[in-house]
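S.K.: Each chain, written out:
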Amino acid sequence: MKEMMIILVGSILVNNFVLAKFMGICPFLGVSKKLDSAVGMSAAVTFVMLLATAVTHPIQRYILDRFDMAYLQTIVFILVIAALVQLVEIILKKYIPSLYQSLGIYLPLITTNCAVLGVAILNIDEGYTFAQALISALGAGLGFLLAMVLFSGVRSRVDAATNIPKHFRGLPVTLIAASIVSVAFMGFTGVVEGLFK
Amino acid sequence: MNKLKILINGLIKENPVLVLVLGTCPTLATSTSVKNAVGMGLAATFVLVGSNIVISLLKKIIPDKVRIPCYIVVIATFVTIVSMLLQAFVEPIYNALGIFLPLIVVNCIILGRAEMFASKNSVFDSMLDGVGMGLGFTLALFLMSSLREIIGSGTWLGIQLYSGIQPMSILTLAPGGFFVFGCLVALVNYITNGKSRKKQKKGCAGCPSAAVCANAEKGECNA
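For the protein sequence lines, the chains are A and B, in the order given. Position 28 of the first sequence, counted from 1, bears residue number 28 in our numbering, the numbering being contiguous throughout. Position 111 of the second sequence, counted from 1, bears residue number 308 in our numbering, the numbering being contiguous throughout.
Bear in mind the hints are in silico, worked out from the structure with no lab data behind them. Using N, Cα and C, we set each Cβ at its ideal position, and we do this for glycine too. Be aware that one or more of the hints could be misleading.
[Claimed, not checked] Not the full set, but computed from the structure, chain B residues with beta-carbon under 10 Å of chain A:
no.	residue
1	P223
2	A226
3	I348
4	G373
5	C380
Assemble the whole structure, with the sequences as input and the hints as a guide.
M.R.: If you want it as structure tokens, here you go:
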């Protein structure tokens, strides 16, 4: 249990996917303008991360490792994730239209989100068990949510500012704001060891 | 002359990182040292050239409806090849790039060029476009990693440049990546006098899926 908590808190705060590992930067910069779309995108990412891990982990263990085909990992994982996202989209559209309304538009954007493939591969590299892998995927998703929500708040202030130098307007000042949020997250270094000792 | 234009387009005018703002994740993550950054740039260039050639060869065979999965398979194949080659011949770089090597698959520069260029142009032109865009990516990574390595750890390509002054090691950490990238994009805005900023908006920049997103074609993102 303690180990699970270390993985969960570690992947939310210390090894935050966006601000410490640089994965999923594109949606982080692109979709963080409004709070509700930031939450919608993060919920969709968390959902797909969990699903992708639940599917790719057994594939790696029972198919790729067993038949000595680990070199096919990249190709298999990206195809599985792409197919999965498509499938989820179709199912949601048919059976849960209300959820599709709120998550649907973000789903096609997620296939090429490197955080999803990243979490699937990292879980294998770290040698996690199935349960640990799921916890780590959940943590990565929640960390993404936290970063997006915090940053959308910062961004609404930055976008409202009028005294930004001309050439820094738009993307450059957003990146510098991200840098400052990232400094804040560096403060969590070592917090896991302190919490669970 | 026209061929030269295709080659140079990706280097400066439509630099994938600094003007179009694509492929930000590997740019930020691997630019901590010049060696890693150039390794990443060249690996991505290899994949880009290979996938552009193959996709351009197959453009008439691939059905339009399933083109994105087909492109992804081609790209993933080249990524697997390049990661095996790196592991065999330059293992230190393979280890340093780590997770970002398989993640070249989802680098939007590559899928973007497949969709926007290779699927419409001849094989030779697509190859030139791949070389130009790949070298443009490498150039941006080289610039950014030089700044981060010189200021952040006082070395360049591993050579000690100065001693006595404490290097600002925060530049080699995550916040420094965002900061240097922001400053470089501002510099490009300054040099081009705001022209590149218009391109960033028009191209649905910053979106991972400009290539697959229906809104990107209209030139706007409602997300």
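S.K.: Now look at each hint and say whether the structure bears it out.
M.R.: Going through the hints against the structure:
no.: 1; hint: P223; in the structure: 8 Å, holds
no.: 2; hint: A226; in the structure: 4 Å, holds
no.: 3; hint: I348; in the structure: 14 Å, violated
no.: 4; hint: G373; in the structure: 7 Å, holds
no.: 5; hint: C380; in the structure: 7 Å, holds
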